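Undergrad: Protein sequences, first through last, are from chains A and B. One point on numbering: in the working numbering, the residue at position 134 of the first sequence is 134, and numbering is uninterrupted. One point on numbering: in the working numbering, the residue at position 210 of the second sequence is 210, and numbering is uninterrupted.
Fair warning: there could be bad hints in the mix.
DSS-like mimics (lysine-lysine), calculated; alpha carbons at most 27 Å apart, straight line [said to hold, decoys possible]:
1. B/K4 x A/K202
2. A/K50 x A/K89
3. A/K31 x A/K202
4. B/K195 x A/K202
5. A/K175 x B/K622
6. B/K622 x B/K4
7. A/K94 x B/K195
8. B/K195 x A/K175
9. A/K89 x B/K59
10. A/K31 x A/K175
11. B/K622 x A/K202
12. A/K156 x A/K31
FYI, nobody ran anything at the bench for these hints, they're computed from the structure. Keep in mind that this is a model prediction, so the values were computed, not measured.
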Amino acid sequence: MRRQRMPLRIFLILTLLGVQPLLHAESAEEKGQAIAAESIARDTGWGDMKADMQMILRNRQGEESLREIRMQSLEQENDGDKSLTVFDKPLDVKGTAFLSFSHALGADDQWLYLPALKRVKRISSRNKSGPFMGSEFAYEDLSSFEIEKYTYKYIKDEVIDGLDCFVVEQYPVDKNSGYTRRLVWIDKAEYRVQRAEFYDRKDSPLKTLTYTGYQQYLNKYWRPDRMDMVNHQTGKSTELRWMNYQFGSGLDEADFNKNSLKRAR
Amino acid sequence: MHQKLTPWILKHPVIVILATILLVAVVASGARHLVFKSDYRVFFGKENPQLNAYEAIQKIYNKSDNVAFIIAPKDGRVFTSERLEAIRELTEASWQIPFSTRVDSITNYQYSYADGDELIVEDLALEPLQMDQAALERARNIAINEPLLRNKLISPQAHVTLVNTTVQLPGINPVEEVPQIASKVRELQSQFIAKNPDVDVYLSGMVMMNNSFAEASLEDSATLVPVMFLIVALAIGLLLRTITGTLSTILIIIFSITTTMGIAGWTGFYLTAPSASAPTMILTLAVADCIHILTTLFHEMRNGVAKRQAILDSLRINYQPIFLTSITTAIGFLSMNFSDSPPFRDLGNLVAIGVMLAFLFSVTLFPALLSLLPLKVKPHKARGDLMMHFADFVVHNRRWLLPITSLIMVFIMLFLPQNKLNDDFVKYFDTTVPFRQATDFMQENISGMTTMEISLDAGKSSGINDPAFLQKLEQLSQWLRDQPETDHVNTLSDTLKRLNRNMHADDPSWYRLPDSQELAAQYLLLYEMSLPYGLDLNNQLNVDKSSTRLIATFDNMTSNEQIELEQRILHWLELNAPEYQVTIASPALMFSHIGQRNIRSMLLGVTFALILISLLLGIALKSIKFGLISLLPNLTPAAVGFGAWYFINGQVGLALSVVAGMTLGIVVDDTVHFLSKYLRARRERNANPHAAVRYAFSSVGRALWITTLVLVCGFMVLAQSTFKVNADMGLLTALTILIALAIDFLFLPPLLMKLDTHPITTTEGAIKDEKAKNAA
Numbered sequence: 001m002r003r004q005r006m007p008l009r010i011f012l013i014l015t016l017l018g019v020q021p022l023l024h025a026e027s028a029e030e031k032g033q034a035i036a037a038e039s040i041a042r043d044t045g046w047g048d049m050k051a052d053m054q055m056i057l058r059n060r061q062g063e064e065s066l067r068e069i070r071m072q073s074l075e076q077e078n079d080g081d082k083s084l085t086v087f088d089k090p091l092d093v094k095g096t097a098f099l100s101f102s103h104a105l106g107a108d109d110q111w112l113y114l115p116a117l118k119r120v121k122r123i124s125s126r127n128k129s130g131p132f133m134g135s136e137f138a139y140e141d142l143s144s145f146e147i148e149k150y151t152y153k154y155i156k157d158e159v160i161d162g163l164d165c166f167v168v169e170q171y172p173v174d175k176n177s178g179y180t181r182r183l184v185w186i187d188k189a190e191y192r193v194q195r196a197e198f199y200d201r202k203d204s205p206l207k208t209l210t211y212t213g214y215q216q217y218l219n220k221y222w223r224p225d226r227m228d229m230v231n232h233q234t235g236k237s238t239e240l241r242w243m244n245y246q247f248g249s250g251l252d253e254a255d256f257n258k259n260s261l262k263r264a265r
Numbered sequence: 001m002h003q004k005l006t007p008w009i010l011k012h013p014v015i016v017i018l019a020t021i022l023l024v025a026v027v028a029s030g031a032r033h034l035v036f037k038s039d040y041r042v043f044f045g046k047e048n049p050q051l052n053a054y055e056a057i058q059k060i061y062n063k064s065d066n067v068a069f070i071i072a073p074k075d076g077r078v079f080t081s082e083r084l085e086a087i088r089e090l091t092e093a094s095w096q097i098p099f100s101t102r103v104d105s106i107t108n109y110q111y112s113y114a115d116g117d118e119l120i121v122e123d124l125a126l127e128p129l130q131m132d133q134a135a136l137e138r139a140r141n142i143a144i145n146e147p148l149l150r151n152k153l154i155s156p157q158a159h160v161t162l163v164n165t166t167v168q169l170p171g172i173n174p175v176e177e178v179p180q181i182a183s184k185v186r187e188l189q190s191q192f193i194a195k196n197p198d199v200d201v202y203l204s205g206m207v208m209m210n211n212s213f214a215e216a217s218l219e220d221s222a223t224l225v226p227v228m229f230l231i232v233a234l235a236i237g238l239l240l241r242t243i244t245g246t247l248s249t250i251l252i253i254i255f256s257i258t259t260t261m262g263i264a265g266w267t268g269f270y271l272t273a274p275s276a277s278a279p280t281m282i283l284t285l286a287v288a289d290c291i292h293i294l295t296t297l298f299h300e301m302r303n304g305v306a307k308r309q310a311i312l313d314s315l316r317i318n319y320q321p322i323f324l325t326s327i328t329t330a331i332g333f334l335s336m337n338f339s340d341s342p343p344f345r346d347l348g349n350l351v352a353i354g355v356m357l358a359f360l361f362s363v364t365l366f367p368a369l370l371s372l373l374p375l376k377v378k379p380h381k382a383r384g385d386l387m388m389h390f391a392d393f394v395v396h397n398r399r400w401l402l403p404i405t406s407l408i409m410v411f412i413m414l415f416l417p418q419n420k421l422n423d424d425f426v427k428y429f430d431t432t433v434p435f436r437q438a439t440d441f442m443q444e445n446i447s448g449m450t451t452m453e454i455s456l457d458a459g460k461s462s463g464i465n466d467p468a469f470l471q472k473l474e475q476l477s478q479w480l481r482d483q484p485e486t487d488h489v490n491t492l493s494d495t496l497k498r499l500n501r502n503m504h505a506d507d508p509s510w511y512r513l514p515d516s517q518e519l520a521a522q523y524l525l526l527y528e529m530s531l532p533y534g535l536d537l538n539n540q541l542n543v544d545k546s547s548t549r550l551i552a553t554f555d556n557m558t559s560n561e562q563i564e565l566e567q568r569i570l571h572w573l574e575l576n577a578p579e580y581q582v583t584i585a586s587p588a589l590m591f592s593h594i595g596q597r598n599i600r601s602m603l604l605g606v607t608f609a610l611i612l613i614s615l616l617l618g619i620a621l622k623s624i625k626f627g628l629i630s631l632l633p634n635l636t637p638a639a640v641g642f643g644a645w646y647f648i649n650g651q652v653g654l655a656l657s658v659v660a661g662m663t664l665g666i667v668v669d670d671t672v673h674f675l676s677k678y679l680r681a682r683r684e685r686n687a688n689p690h691a692a693v694r695y696a697f698s699s700v701g702r703a704l705w706i707t708t709l710v711l712v713c714g715f716m717v718l719a720q721s722t723f724k725v726n727a728d729m730g731l732l733t734a735l736t737i738l739i740a741l742a743i744d745f746l747f748l749p750p751l752l753m754k755l756d757t758h759p760i761t762t763t764e765g766a767i768k769d770e771k772a773k774n775a776a
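Sequences and hints are given; from them, build the entire structure.
TA: The following block contains the structure:
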């Protein structure tokens, strides 16, 4: 294997050097956009997905807190994905379910089922930038990635953790975003996000997110086992652990409406 | 040693001068490492319990250092489209303030309401220019009735409002972070005023206070230090009538100051508002050595002694007294090391170093300079007669002077305990400082700057959603609101009550706490998902939702009142919520405790200094009896000074708690000079007490009142500082030194004449000296 890969890498480098003049016409913005498009293209067609997630919150004082949720998503062709989130822990929110139709532009449609109230409430808010369950992840960090949500600029190539990556800046289109930009490392081999740095409204470093333990499902789709978000300004951090990814469970639109919310637990 | 040193110096003055200049230049260059830390936290030692409690709260929740724009339209109307638009723009622009993490204003307040089964969360004034009169009126009513806003971000009459930015100072570069914020904030302020000339904007908040520490000190060094030099030059020039002597003295002072600050720079000191007054103090104290040397020198020269010999004589006579007085002054200042507050320890150490350096330069560089420079002596104008008249007055009236002065002293001292303990950090700045004006304006119109952060810990995960806990939280909040000092209470219970009402179609009868843990938890989950960046609940809840922070804002109070209120709150909690763990902390509380803590630690410091100084005096005066007698004039000035302070100001705090130790070392000097001359007359001249008092007056009386005059002038200049800590310290020190002189002149001599009735009992050595002289 190893002996084979070395010449391959050299070959690739030589090819890239060879096509460099041809690529010259491409601007940094176009290249950034192209990278994002390629990464979306490679993650298209998975249909539906289920996964369990654990969230561990930590503060500077060393306090810790655990959250557990289950998520399922349905891929949408020309719009953001639909997703249903069921909360299991802490126990006092057990059975609470959150339905979201995300849209590339404009406010998402959101409903929440509160078992204690036995009511579905529609949430009307432009805000996607607040913390998700008190964690260091904003809702906008977890919602589905759509090409229209950002404008792009390719910055450079860089090797991180042994992976050759594109470094691309992404500027949110939504003016209610909490960020001026994200700096994203995408590996060249599989177009997976390896790391993201978030810059706040005054363009100061705010958070860093690292993805680890990527695994491939259905021989095509890569999902991380772990995502670590560190807030540099507050010293708080959140660790996400993903488990039990399932694809192709046969979910359909009927599993993602207001009625399905109450049944979700 | 000095018997050999001085002649050598006089033989090689150029070498001495050049060597000193070289040495000073090298050491003083360290001053470039000196930086100013503008952070109120520097006032507290690492072990300070109030600081630690506060830091712990800040680690659990977010930090709460802030900058506040106080916006006051001249016509008193906040709720117009244009005004709200201006406030909205300022709110948005405030996100650009360095290190900002949160911006709160009436426009971005996250107003939640119900529309059927829809929960709507949005900015209270999202697009002000689109708002018609009805919408404006509605927003106004919501704002002034919302417990989160009323008396915190908006005045009840809606005529003054605040845009409050929370910042997280990384603390990596404390020297630049605060000024960086301040300059951005001022830029926004002037932009706002330029666009809205009919609106007044003031700046307050902890960051602006921190910034004022640095700015007040800088202003002091720019204005006070030159004035001090002028006063010193005038005082010496006029009183001793010598230009070259004055110039030499000023050179000694400059060298002492720059070398001290250089040492401070090399050894990693940083400057703070109190320690930045070290140069002013060194300036004042360094003068004394030179005055004593010059006085004797001129006295000798007037008596026809040649200059070189006069310098030798002067140093021989003065070497021991000025060494002794320098040491005692240094010990007095070193007693500040017992202080609980690091800036005062630094101040004490710096001044102690400066005083010892001044001594060193006075006995080396000073004679070298004097030997090179021309010195002219004018004939004596018999001004010494004045001192003799005064001595006669004291001797003649000794019978009533003693009881009368004692009575006056005791009477004034009686008021010492009447002083109120107060460290109100707002009042650390006088009313010419913009921060003080802004904060006073805020206090009059919206709320004070005194806050207390109460962290209530339910003791279990998600415990804040427990109805029993929430009920206690609500009771606590309500009880706090009932306290007369309270302006505002920011509490989670209000948010939950509002959400409960929202969830029931905004029916006012549902404005109450949810009755189950699940309901409370799910409301919060829902609400948290609807909040934008920076306006979340993480500043009120810990990550485990096991504890919550309530922030109460009060009128500005004295330290004692704050401590009393803290006790009242703790007492209420003990009675009503003993099951929950509670921490109360805030910068205001840190300051209100530090005065007390510092007074306690300084008492120990003063005692140590007193013992050391008394020992030194006993040895120097070669008499236990006179060592003991000296205690009275050394101790009483500070006590009388504090008594008199009751009539001047009546409030003591952090700064004044160090004055006793600091003045002790200074007032001792007068006693040393007076007693040593008195004893010399008794022992060497066999004078009776009356004659000895006259001798003491004639030989050192003049030097004493000149040095006292310079010291009092110096500390009175410090008293003009806009930074009240330094100003009060200067004023009380000046007062104490003046009282000390009065005591040395009016109380000590009658006391000596009363107690010292027996023939003098000198030590063996002294008697032998005397006999040898008599024999010769």
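Undergrad: Which earlier hints can't be squared with this structure?
TA: 1, 5, 7, 11
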